[in-house]
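Peer 1: Use these hints to put chain B onto chain A, whose structure you have.
Which chain is which? The protein sequence lines are A and B, in order. Numbering-wise (my numbering), the first sequence opens with residue 1 and increments by one. Numbering-wise (my numbering), the second sequence opens with residue 1 and increments by one.
Hints were generated in silico from the structure; no laboratory data involved. C-beta atoms are modelled at their ideal positions from N, C-alpha and C, and glycine is treated no differently. Nothing false has been slipped in among the hints.
To give an idea of the interface, some chain A residues facing chain B are shown, with a C-beta separation under 8 angstroms as derived from the structure:
#1 N26
#2 L27
#3 I106
#4 L107
#5 Y117
#6 I132
#7 I140
Number of protein chains: 2
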Amino acid sequence: MSFLENYTKKIDDGLKEINLPEKPNNLYDPLRYFFTLGGKRIRPILTLLAAEKFTAKDSKIDALDAALAVEIFHNFSLVHDDIMDEAPVRRGKATVHTKWDSNIAILSGDVMLVKAYQYLNSYPSEISKKLIDVFNKTAIEVCEGQQMDMDFEKRLSVEQDEYLKMIRLKTSVLLGCALQLGAIVGGADLKAQNDLYQFGLNMGVAFQIQDDLLDLYGDSALVGKQVGGDIIANKNTLLMIIARQESNEKQLSSLEVLLKKVDNNKKIEGIITLFELLNVKEKCQDLMNNFYKKAEMHLQEIELKNEQSGLWALTSLLKKRSY
Amino acid sequence: MSFLENYTKKIDDGLKEINLPEKPNNLYDPLRYFFTLGGKRIRPILTLLAAEKFTAKDSKIDALDAALAVEIFHNFSLVHDDIMDEAPVRRGKATVHTKWDSNIAILSGDVMLVKAYQYLNSYPSEISKKLIDVFNKTAIEVCEGQQMDMDFEKRLSVEQDEYLKMIRLKTSVLLGCALQLGAIVGGADLKAQNDLYQFGLNMGVAFQIQDDLLDLYGDSALVGKQVGGDIIANKNTLLMIIARQESNEKQLSSLEVLLKKVDNNKKIEGIITLFELLNVKEKCQDLMNNFYKKAEMHLQEIELKNEQSGLWALTSLLKKRSY
Numbered sequence: 001m002s003f004l005e006n007y008t009k010k011i012d013d014g015l016k017e018i019n020l021p022e023k024p025n026n027l028y029d030p031l032r033y034f035f036t037l038g039g040k041r042i043r044p045i046l047t048l049l050a051a052e053k054f055t056a057k058d059s060k061i062d063a064l065d066a067a068l069a070v071e072i073f074h075n076f077s078l079v080h081d082d083i084m085d086e087a088p089v090r091r092g093k094a095t096v097h098t099k100w101d102s103n104i105a106i107l108s109g110d111v112m113l114v115k116a117y118q119y120l121n122s123y124p125s126e127i128s129k130k131l132i133d134v135f136n137k138t139a140i141e142v143c144e145g146q147q148m149d150m151d152f153e154k155r156l157s158v159e160q161d162e163y164l165k166m167i168r169l170k171t172s173v174l175l176g177c178a179l180q181l182g183a184i185v186g187g188a189d190l191k192a193q194n195d196l197y198q199f200g201l202n203m204g205v206a207f208q209i210q211d212d213l214l215d216l217y218g219d220s221a222l223v224g225k226q227v228g229g230d231i232i233a234n235k236n237t238l239l240m241i242i243a244r245q246e247s248n249e250k251q252l253s254s255l256e257v258l259l260k261k262v263d264n265n266k267k268i269e270g271i272i273t274l275f276e277l278l279n280v281k282e283k284c285q286d287l288m289n290n291f292y293k294k295a296e297m298h299l300q301e302i303e304l305k306n307e308q309s310g311l312w313a314l315t316s317l318l319k320k321r322s323y
Numbered sequence: 001m002s003f004l005e006n007y008t009k010k011i012d013d014g015l016k017e018i019n020l021p022e023k024p025n026n027l028y029d030p031l032r033y034f035f036t037l038g039g040k041r042i043r044p045i046l047t048l049l050a051a052e053k054f055t056a057k058d059s060k061i062d063a064l065d066a067a068l069a070v071e072i073f074h075n076f077s078l079v080h081d082d083i084m085d086e087a088p089v090r091r092g093k094a095t096v097h098t099k100w101d102s103n104i105a106i107l108s109g110d111v112m113l114v115k116a117y118q119y120l121n122s123y124p125s126e127i128s129k130k131l132i133d134v135f136n137k138t139a140i141e142v143c144e145g146q147q148m149d150m151d152f153e154k155r156l157s158v159e160q161d162e163y164l165k166m167i168r169l170k171t172s173v174l175l176g177c178a179l180q181l182g183a184i185v186g187g188a189d190l191k192a193q194n195d196l197y198q199f200g201l202n203m204g205v206a207f208q209i210q211d212d213l214l215d216l217y218g219d220s221a222l223v224g225k226q227v228g229g230d231i232i233a234n235k236n237t238l239l240m241i242i243a244r245q246e247s248n249e250k251q252l253s254s255l256e257v258l259l260k261k262v263d264n265n266k267k268i269e270g271i272i273t274l275f276e277l278l279n280v281k282e283k284c285q286d287l288m289n290n291f292y293k294k295a296e297m298h299l300q301e302i303e304l305k306n307e308q309s310g311l312w313a314l315t316s317l318l319k320k321r322s323y
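Isolated chain A (complex conformation) (with noise of 0.2 angstroms):
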């Protein structure tokens, strides 16, 4: 990803610079700690892209600040919903909750969310402005996603549509949120703008499908993850939504006596038996990659394809992803 380091560096440099108060420790130095845990920093680097097609040569203006505010809300996000999901584990180090603890870990959440605004206002008040208001829906969305993927885990089975709707609110959107802000920030129309962020968005989508697809059929050693590991925890995931839908009656509780074994190799190879026999694998493929056409389409209209560009490369380096 030789082609990112510069920008992930940006946002490296960016958070390591920002400026918090020594005290109350407890509040800041969960920012300090988190901040520096690393990531991927897709969402601001997607900013940074959006800003470059736009920015006219000579302007002053840098999306630097609206990157920035990208990357701490998603990180306000993931502090709050490692509480609520009981998560250990970050980034391969301890979450916030679980290093200190779960008090600590809303508060410096929730100065985290102000601070992103601190950086979205930090431009002339018409850009600012414009930023806000893209940023308050996209927050507002986040939540209710994080709220829907909660009532889903206490459901036995969800219908497609909803889950699809889940994953667009509950991550896709900031990926939209992020281009359009670079959008703005660069000072693209408004066709523009929402070119970049059904870019975003239908990516967000196919990238969350890919990673249901991954758990299950990708290479453990380049996922990192257990492979199966959602079938192993009954996780609604999209090829569950699929097989149950594809299912006749026998199948369907062949599908229930399989998902209540014990011994998880059986559970798996017995539930891919049952996948491949109703095409899932492919079903779950076919969905994505009209996610990924829908995004290459608004992006199309941006800028023809073009190994150089940076939002095509990234897009590249995302699909690629093996499995």
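Peer 2: Then chain B, alone, in the frame of chain A:
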């Protein structure tokens, strides 16, 4: 408080008219619930009163959105604080995390915070930018104050300066902010904005000190709480901080003995006797009166004392709580 009724109604109606989506219920029901729990609406009323003072007669700008932002932010901080403090009851009703659960309280609090920014961003861009700048600074300070408060609970003793800083950040800056936002919407100059901010800030500190006094010396029927509740809970109030400060070694150790007493009546009686010996009540009242005086000095910069003026009338109402 009859002159306030119109203002309270304006805020209550404004909160009722907020257009919230039906779903996800678990995200939005807590907002609907909390917004109609009532409350004195002091903060948003300050915004309305401040704006009124400066708004030109023919102006179409309405301070209601800024006032709602302040009240929604206040509600956000209550919902999150209640989780952290494990408080079961708020305004006589179950807290959000008790009625639903902590995860839902975290997330619906987050949505409230974003909603506050939607209202702040509803003005012409130059005004919104100024509002959001003041609001961001305040929101961060409120988080710092809450963290200090949580840190203090784990400490045996707290210095007077730290305590005053904590109450300034946790509660008083929001009163100052509420007034300044109103002043900005009304078009006040920086000097007037600052005087109103300082008026609110000092009023807020005085008010918090008065709370500590009322807990022990208030008329329980009027205060609506058990007398001496802070002493029973071994809270570091300003009374206790002054007592430690004024005690000699012998008095300090008898204070420690009293604090460990199991019989609450004897504990309160003994501590009241010690407080009398050390003139704690008078010293605390002196401090409080200094803050009230400073507040009134700043208000006087804006307008001479006038019984008919909303801000003066509100001040005297707040001061009059009996103890």
